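Engineer: Chains as they are written, first to last, in my numbering: chain U, 1 to 197; chain W, 198 to 541; chain F, 542 to 934.
Derived from the structure by calculation, the hints contain no laboratory data. Because the structure is a prediction, the values reported are computed rather than measured. Each residue gets a CB set at the ideal place from its N, CA and C atoms; glycine is no exception. Treat each hint with caution, since some may be false.
[To be verified] Example chain U residues on the side facing chain W (calculated, C-beta under 8 Å, incomplete): (1) G18; (2) M19; (3) L26; (4) S28; (5) S30; (6) V31; (7) Q34; (8) Q38; (9) N181.
[Claimed, not checked] So the derived list for chain U, only partly shown, Cβ under 7 Å to chain F, looks like this: (10) P68; (11) L85; (12) T88; (13) T90; (14) H92; (15) C109; (16) C111.
[To be verified] Coverage of chain W stretches by chain U, computed from C-beta distances (three or more under 8 Å per stretch; other residues unrestricted): (17) 235–242; (18) 358–364; (19) 496–505.
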Amino acid sequence: MVKLLHDSYTTFKTIFVGMGVTFRHLFSKSVTVQYPDQRDVLPDRVRLKLHVNIDDCIGCRLCERACPVDCITIGTIKSTDDDDLGETSTGHKKKLWLNEFDIDMAKCCYCELCVHPCPTDCITMVEDYEYSVYDRENLILSFAEMTPDQIKEAQAKFEREEAEKEKQKEAKRRAREQQSNDSNDTAGNGNAGESET
Amino acid sequence: MLEFLESIMPAGPLAVFVFSIIPLKIILVYALFAIWLERKVAGHMQDRLGPMRVGGWHGWAQTIADLVKLIQKEDIVPAKADRMFFKMAPFIAFGASYGAFVAIPLSSSYIGSMFDVGIFYIVAITSLLSVSIIMAGWASNNKWSLLGAMRTAAQTVSYEVPTVVTILSVIVVTGSLNLMEVTEMQSGNTFLGFLPNWLIFHSPFMVVAFGLFFIASLAESHRVPFDLPESESELVGGYQTEYSGMRWGLFMLTEYADMLLLSLVGVTLFFGGWNSPFGSFLDGPLWGAFWMLFKGMVLVFVMMWLRWTLPRLRVDQLMNICWKYLIPLSFVNLVLIALWVMLF
Amino acid sequence: MATVKEKAPEVSLTDLGEAGDGLRTQEMVINMGPQHPSTHGVLRMELTLDGEIVVRAVPHIGYLHRCFEKHCESMNDYTKIIPYADRMDYVAAMSNELGYVVAMERLLDIQVPERVEYIRVILAELQRIASHLLAVGTFGLDIGAFTPFLHCFIEREKILDIFEKASGARLLYNYIWVGGLMNDVPADFKRDTAAFVKSFRPAIKDLNDLLSYNKIFLERTANIGVLPGKVAINYGVSGPSLRGSGVKWDLRREDPYSIYDRFEFDIPVGKGEAGTTGDCWDRYIVRVHEMVESLKIIEQALDGMPDEGDVQESIPKKIRPPEGEIYARTETPRGELGYYIISDKSTSPFRIKARAPSFVNLSVVSAISVGAMVADMVAIIGSVDIVLGEVDR
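Okay, chain U solo, but in the shape it has when bound:
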């Protein structure tokens, strides 16, 4: 009987104590933010969206390699000797055309591992979190600024130069071979190899 009375006393006491707590909270200030009207102030380091300052990119692919989910795709074309791609703001010399720099934000896991290795600090996390889209394809962000024509041109130019270089190399090699053959010849040692080339 005593236990029963004690039990019912504690039951009502704890219920009223709990009701007191909720009643106090009824008049305390709300902690929520009315989102589209008010916005939280986000800290500087927030990781919400990747952004690439393509002018500073040197195409070193360090970010691509650092990504644990392979969401960065970089395509580069070597520039020819007569092209001057300029320098990045950090003073690195750019040597590659960037024909492709895609980041698939649908795959991205926001780990920021790609940001740290970048030698020119051109890939960064920015404070933009309102980029939901209807089609997943639209989450692929393309940062490369080259038009297809430019790509074709750069490719062609590179191939031309490559071919030229190849030719030069070939010529050089032949010249060297010629030379060595000549020297061999002067040594008066066989003539089998030349007739084939």
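Let chain U serve as the given structure and place chains W and F on it in line with the hints.
Structural biologist: Then chains W and F, alone, in the frame of chain U:
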């Protein structure tokens, strides 16, 4: 009031129709308001704001928007369900609680029907609710629904006993089952002068009786801490699991209508019904309706307050409380009140 | 396209049993989950019920399996594993990172600077509080109390704000790196943390008033799902669930890693105040007490933390551990997290195995839930506090 309506309406049946749907309008408007209030109370107790966008001022139109959404939704009936009973259950549930409003005196000039057995009728017709819930649970052909329905059956049947016994203890004092007469008895002031002549101030045992009635009515309307039938963290949705769209909305409406009904019954029995708390000040038919609903809403608010404070009991503990504590206590209380009435 | 029409599988019912007065009864098989609101994710419990009494409970897992181990072995860099380790126990990512990093540093034999160690301890303890807040809140939610859950979340948000300022992320941080940290903590880290510690103690009192000592809550959790200490040890249960059974075992004390041997703190154990030692309420209250102990550690660490120092000085340029293997264990909010790493001298691990505390703790659920009611099942699962991301990995 019916006479008044008949005098301004051209046709008699139309007057009767208007007369009889007044409670429905009250329920619908009240439900819109109560659901909004529940969200607001919950929000502020949890340091949130609750709905804020729809309709401008503190999201007052949120429930209307929800209602529009519910009406638009597809009426899904599970393939293996018993179609007829599945579709019928929500209507019976709402009918049961709507039917009970007929005997509630909403104001000194409005009562649906001057039953001489008013309170008895209310107790009887609300029992239909458990039938409809079992119907819903069984017809859904879902194990969770079945468990929820079985719990409800046990709960409602058990808690009807203390409810009826506490109501009986009020009847002992009033000597009438007609709620209008019960209310009229409570007008004026007590001999102390400042307290209204409400039944709760009749004797200390009446306070106990009200406590018992309130606990039992929480269980009857399936509110926390007795919300076992639809306890969402255990039984998914209880008997409502398979329902969607407007049929689910009707169940929701029933829940809120039930809350109001039991609060109004409590107000009528213990807090003077439509009587003004200030004697003859602010009294009259319209003020009567206001006081009635205001007192009812206070009790509804307490129910909400409890809901956002307390955890939920387990089904066997629920039965323990009913059979081991509430029923013996209510019987003892009935005897004590009867003695009080005999002696004074 | 033709749809395959399958015959609905017959409900597997056991033989008709005989109750008291020749009344024939059947057991009912019911699936709790994977879409059940209180299985904390995608756990499926196959319950065999006799009325509402649980006769048998079989957990089915694997709905969230992500090949953590094989994924890590296919990475070409040890650093890339950290984001994956984050995703194991996603409500306590810092602790997971710390576990992996401690293992790697032992394998590589790196001594990290003092300042880094202090920051790591503070972060790990903050994470412990955040994780326990979630566990305690959702446990209340399972019992039916909604408000304490959101009150807990208010405090948890404060911790996440501190983390966000430091790392930039709120949930999956990738902040603790092998040999150091991703960035130095912001300048107001110490002030923020001290402010949190100050504001958190009254919040615990509120929680105790609202939930812990509420009679209905006590009725629901005391004497339910009793896990005796011996059984817990036999099943390999660790963390608060083990301590709730009265076993004083905490790796921060028994096998100190990082700099935990420098701090003064108590190890709360379940004493059976409300019912039997090792019931759901004991497991719950151990978590509440542990949050207070974590506050003590944080206060001491804030006092001892050096103000200056490079947090990245001992980060290796390229991680290429010597041939060998390591097993390192740490105390996460859920228990003993062990990483077993075999290195074959290449840049990726030859084999990596994680001993996830939730996975082991889950195994005890079916043992302690026999004879409970359906409503108790929810309490038991909630009190063991599993995270399905870690169970399935």
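Engineer: When the hints from earlier in the document are held up against this structure, which numbers fail?
Structural biologist: As far as the earlier hints go, 8, 9, 11, 12, 13, 14 and 18 are violated by this structure, in ascending order.
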